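A.B. asks: We have chain A already, so just place chain B on it with the hints.
Line by line, the protein sequences give chains A and B. Just so you know, we're using our numbering here: the first sequence kicks off at 1 and counts up by one. Just so you know, we're using our numbering here: the second sequence kicks off at 1 and counts up by one.
Source of the hints: derived by calculation from the structure; they are not laboratory data. Keep in mind that this is a model prediction, so the values were computed, not measured. The hints are all genuine.
Taking lysine-lysine and the DSBU-like style, the derived pairs with C-alpha atoms no more than 35 Å apart in a straight line are: (1) A:Lys86 - B:Lys161; (2) A:Lys86 - B:Lys93; (3) B:Lys511 - B:Lys402.
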Amino acid sequence: MTPGPAPAFSTVLDSDKFLPYAGDVRGREKLFSLQELAAETGLPARTIRFYIARGLLPGPAGAGRGAAYASEHLARLRAIRKLQAKGLMLAEIARELGGAKLEAGLPEPSAWWSYSLQEDVVVWVRAGLSPWRTRQVRTLLAELASRLGAEAQEEEKDDGND
Amino acid sequence: MATISVATRFVPVAAKTDTEVRLAMQRLWLTGRILPVGARLQVHHTFRSSEEKPLEVIYAFGLPRDAALRRFRVRGEGFSVRSELKPVEEAVKAYEAGLAAGHLSTLARQYGDGLVNLTLGNIRPGETVTVVLEVLAGVETHDDGLRFRFPFTLAPCYHGKARAAEVAPGVGELELPEDEFGDLILPRFAADASDLHEVGFDLRLAMPGSIREIASPSHPLRIEQADGSASRVLLATGREVPDRDLVLDVRTRNGLEGVLSGLDTEGHGRFAAVVPSRTFGERSEAPRQVVFVLDRSGSMSGAPIKQARRALEACLGALAPDDRFGLVAFDDRIEVFRGSLVEGSAESREQAREFLRGVDARGGTELAAGISEAAGLLGRGGGDILVLTDGQVFGTERILAKARDPGVRIHCLGIGSASQDRFLALLARETGGVSRFLTPRERVDLPVVDLFASIGRPVAAGLEVKLEGIAGGRIAPEPPPAVFACRPLVLFGESDGAAEGRLAFAWDGGKAAVPLQICASPLGETLRVLQGARLITDLESRWTGGEESGAAVRREEQRVDRKLEELSRAYGLASRRLALVAVVERAGDQPGELPKTQVVPVGMPQDTAFASYFRRPGPAPSVAAAPGPVGVLWSLAEPARALFSRRRAAEPLAYEAAPAAMAELEVYEKAADTLLELAARMEPDGGMPGTTEEERVQATILALLSFLAGGNTENSGAFRSHVRRLLAFLEDALHIHPVVSRIITLARQGRTLEGDWPARQPGPKLWAQLEAEIPAELR
Chain A
1 MTPGPAPAFS TVLDSDKFLP YAGDVRGREK LFSLQELAAE TGLPARTIRF YIARGLLPGP
61 AGAGRGAAYA SEHLARLRAI RKLQAKGLML AEIARELGGA KLEAGLPEPS AWWSYSLQED
121 VVVWVRAGLS PWRTRQVRTL LAELASRLGA EAQEEEKDDG ND
Chain B
1 MATISVATRF VPVAAKTDTE VRLAMQRLWL TGRILPVGAR LQVHHTFRSS EEKPLEVIYA
61 FGLPRDAALR RFRVRGEGFS VRSELKPVEE AVKAYEAGLA AGHLSTLARQ YGDGLVNLTL
121 GNIRPGETVT VVLEVLAGVE THDDGLRFRF PFTLAPCYHG KARAAEVAPG VGELELPEDE
181 FGDLILPRFA ADASDLHEVG FDLRLAMPGS IREIASPSHP LRIEQADGSA SRVLLATGRE
241 VPDRDLVLDV RTRNGLEGVL SGLDTEGHGR FAAVVPSRTF GERSEAPRQV VFVLDRSGSM
301 SGAPIKQARR ALEACLGALA PDDRFGLVAF DDRIEVFRGS LVEGSAESRE QAREFLRGVD
361 ARGGTELAAG ISEAAGLLGR GGGDILVLTD GQVFGTERIL AKARDPGVRI HCLGIGSASQ
421 DRFLALLARE TGGVSRFLTP RERVDLPVVD LFASIGRPVA AGLEVKLEGI AGGRIAPEPP
481 PAVFACRPLV LFGESDGAAE GRLAFAWDGG KAAVPLQICA SPLGETLRVL QGARLITDLE
541 SRWTGGEESG AAVRREEQRV DRKLEELSRA YGLASRRLAL VAVVERAGDQ PGELPKTQVV
601 PVGMPQDTAF ASYFRRPGPA PSVAAAPGPV GVLWSLAEPA RALFSRRRAA EPLAYEAAPA
661 AMAELEVYEK AADTLLELAA RMEPDGGMPG TTEEERVQAT ILALLSFLAG GNTENSGAFR
721 SHVRRLLAFL EDALHIHPVV SRIITLARQG RTLEGDWPAR QPGPKLWAQL EAEIPAELR
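Next up, chain A with everything else stripped away, as it sits in the complex:
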C-alpha cells in the first residue's frame, strides 16, 4: 500500500482564492471539522481519511484541535463523487484530479485501445478494464462492426443500381 505522494495543495484545486494552510484562515472563510465535512458530503469520516491517505484529497489546514477543512475540500469531495458516478476508480480519479495541473513534467498517461471498425470509424476503449467488461465491450463492437459492414455493402449495391 503505497499511495503516491499527495499533490501539493495549490496545484490541485481550480480555485485561485485558495488560502494557505496556516495563519489567519479562520474568520475569512467557512471552515469545517472532519465531522462537519462528513455530514456535509454524506461521506463517512473514515472514507475521507482514506482519500487523504491516498492523495485524492489534501490534508486539513492546521493540526490537532485546530485542524480544519475549507470549501475547497468540499468541492474536491464533490468532484470525486461525480467522477465515481461516471464509473472511474479511485486510482483513475487520483490521476484525473492530480495529473491535469501538475506543473513539473507530463501528466500521467493512461492507456486506450483503438478499434478501427471501418475505414472511417474508430472507437476508443480504455485499456485495463476488467476481463468481463472488456468482453461486453468487444461483443458490442463486433456487432457494430458487422452492422456497419452490412450497411456499407447495401450502399455499394445501391450505388451499383444507379
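C.D. replies: Chain B only, in chain A's frame:
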C-alpha cells in the same frame, strides 16, 4: 527423507527489492477449539506502526460458513480492553469520537456477503497492538467426520457493477458499488503474497470417540495429543503467507453420531445433535431430474475447469435411462445444452460430452442467471440442480433471493483455494440441498461423483422432527426438509434445563427416534453462541439491502432488520445491525491529530489467476468476431513479467512424502482415473458397451469387479450408484451364464475377486477364468 523448505523464516523484507516492508498488520494467528458441530475461534491480529504519525489500519476479511463475531479484546502496553456490542450507527459514532480525542479506537463492522472491516485507529508510532477477535463458525459435517475451513485471504469476486484494475505491477484493486456495500473498504490484492503478513494456527480438536485421521489439503500439519480426547493441530512450517484458506479434514473411527449438551450462563439447557444419515434407512430409486450447472468464468480457468468437466462426464455415466438431465454452462453469458431436459440415452449423453468438450473458462460469474436457466429447464416438475463453481461472486444475498424462488434443490460443489464457502453452504441449505467444497489441488472428479450419487434421492424427504419429554424444548433453526446419504442431520436446540427425552423423526414412509440427554456441562454457552451464529447467518442472507423495490419488499427488509437486531442482542453476537467497538484511553493521548489510514493488502488466492480479475493494459487476445485493436496510445505498463508468482507454490511445502508413499498415491490416482473412465462409458441400461449380449454382460462383470476392487459397494464409495446400476443390468442377464448370479451374490456381500480386472477383455475364456476365481462356497 524430510526436507524443510528454506523460505520458512519470515522477514519483513521485500523479496524483489530487498527493502524493508512496513507492514501495518504483521501477523494473523488462529487459535480455538473445533467441535463436531462448529468452532469457537480466537483470531489474533498483531498491528505495529512504523509511521511517524498516528496510524489507522483497516483489515478486510470474509467470515467462514455460519459464522458471527462475538467480541474482541484490544491489548497493548499497559492495557487490555473488551469490546462492546452496539447498533452500527452508535458504534461508528463512538469510534469516531474516540479517534478525535486521540484514543486508541477499534471497530469491527460487518457488511454484505459476510465481509468485515476491522478498523484500528490511533496506533502510535512504534506501538504494537493486538486485537483478539472471537469468531463462532460452522463446519461441513459428514457421517464419518468433518471439514473445517478458515479464510486466511479474501478472494476477489465477480460483481456486475464492480470495477477492477491493476494499479501497480502485480497489485489489483477492486471497488464495489456503494449503494449495495456502503463504505466497505476492500484490500489491495497482491499477486505475490510472500511480502505480506504471516499467518498460522494452533487449534484444538475435540471429537467424540477416537479420531482416525486429521489431514489438510492446504497446509502442512503437526499434530499433538492434548489432554483427554482433544488433539492439538499446529502449522508444521511455523508460518505461512496469506494466499489460501486453511482446510482441515477430520475423520473419526465410529462416525460423528451423538449429542453435545450443557447449561448456558442463565441455566437453560442447550444441545446440538448429530444424527447420521443411516438412521433414515435406504434411499429410494425413483427416476430423477437433474440439471448440471458449470461455472465457466475466468477464475475457474486451469485445473478446476478441467476437473469439473471430467467429473460431469462421469456423472453422465451414472444416469439411468429414465433419469432426465440438462446441462448449463455460464459466465456472463449462458449456454444451454439442447434447450430442454433430455433422457439419459446413449446418444444424448454422447452429445452432452461433446458439448462439455467445447466449454472453456472465460468471462464473469453470472451465477443467478445460470441457476434460473437451470430452474427453467426443470420447469414445474421440479428436481435438483448441481452447481460446480468457485463461488467467487459478490452480492450473494441477491443471488440467494433469486435461487429460493423456483423451489428446486440446489447442491453445490465449491472449488477454490479461497472459495466462498459461506455463500455456497447457504445456497445449498436455503434450497434444501447439500454442499461440499474442495481445494483445486485435490481431485474434484471423485467427490462430485460421490455428491451426485446422493442427489435427487434423499434418504428422507418431508422430514419432521419432534422433541419428546423435554420441558421447554425447542429446535432452531428449523430442521431441513430432506436428509441425503453420507450427510448427517445436525440440529441445535434448547430446553428449560437439564432433561432426558428423545428426538422423534417422521418422514415420507418412515420414522425413527434417538435418545436425547441434556446434562449440566459447561459446554452450554458455546452451544448457545454456535446456534446464534447459525441463526444470524441464515437471517443475514435474507437481507438484500438497498435494492430499489416495492413497498412489500421494503416492509420485509424492515422486518428482517428488526429480527436481526433482536437476534444479535439475544445471543450477544455482531451482525449487520450491531457492531463491536472499543475505545482505549491511554495516558498522554493528544486529541485532534489526523491519523494516516492504511489498508492491509491480501494475497491472491493461490489458484486464481491474477489476470482473470485484473487485466493490465497490453495486447488483448483476439476474439474471432471482434476487430482487433490497432494501437495503444499511451502505455503505463512496465516490461512484461510473470503476472502471477508461483514461487511459493513451487517450493516443497514442508516434508517430502516418502518415495513408497508417493508410488502408492500414484497407483491410487491411476485406479481412480480408470474407474472414472469406466463410469463415463456405461450405457443407459446400466451395462457396458459391446457387440453381443454376452460380450456386454462380460464387460459389465469386469467393470463391476473393478469398482468393487476400488472399495465401492452398493451403499458406499463414490461410485455406489454406478455399482447399483451395473448390478441391476446383471440381474436381467442371469440366463447368459450361471457365473452371473454368483458375481451378483459376491458383490452384494461387498466382496471382490483378486485380479487386474480393468485390464481384462471379454472373450470365450473369461467364464472359465471367473469360475476358477469365485470362492468355493459360492460355486
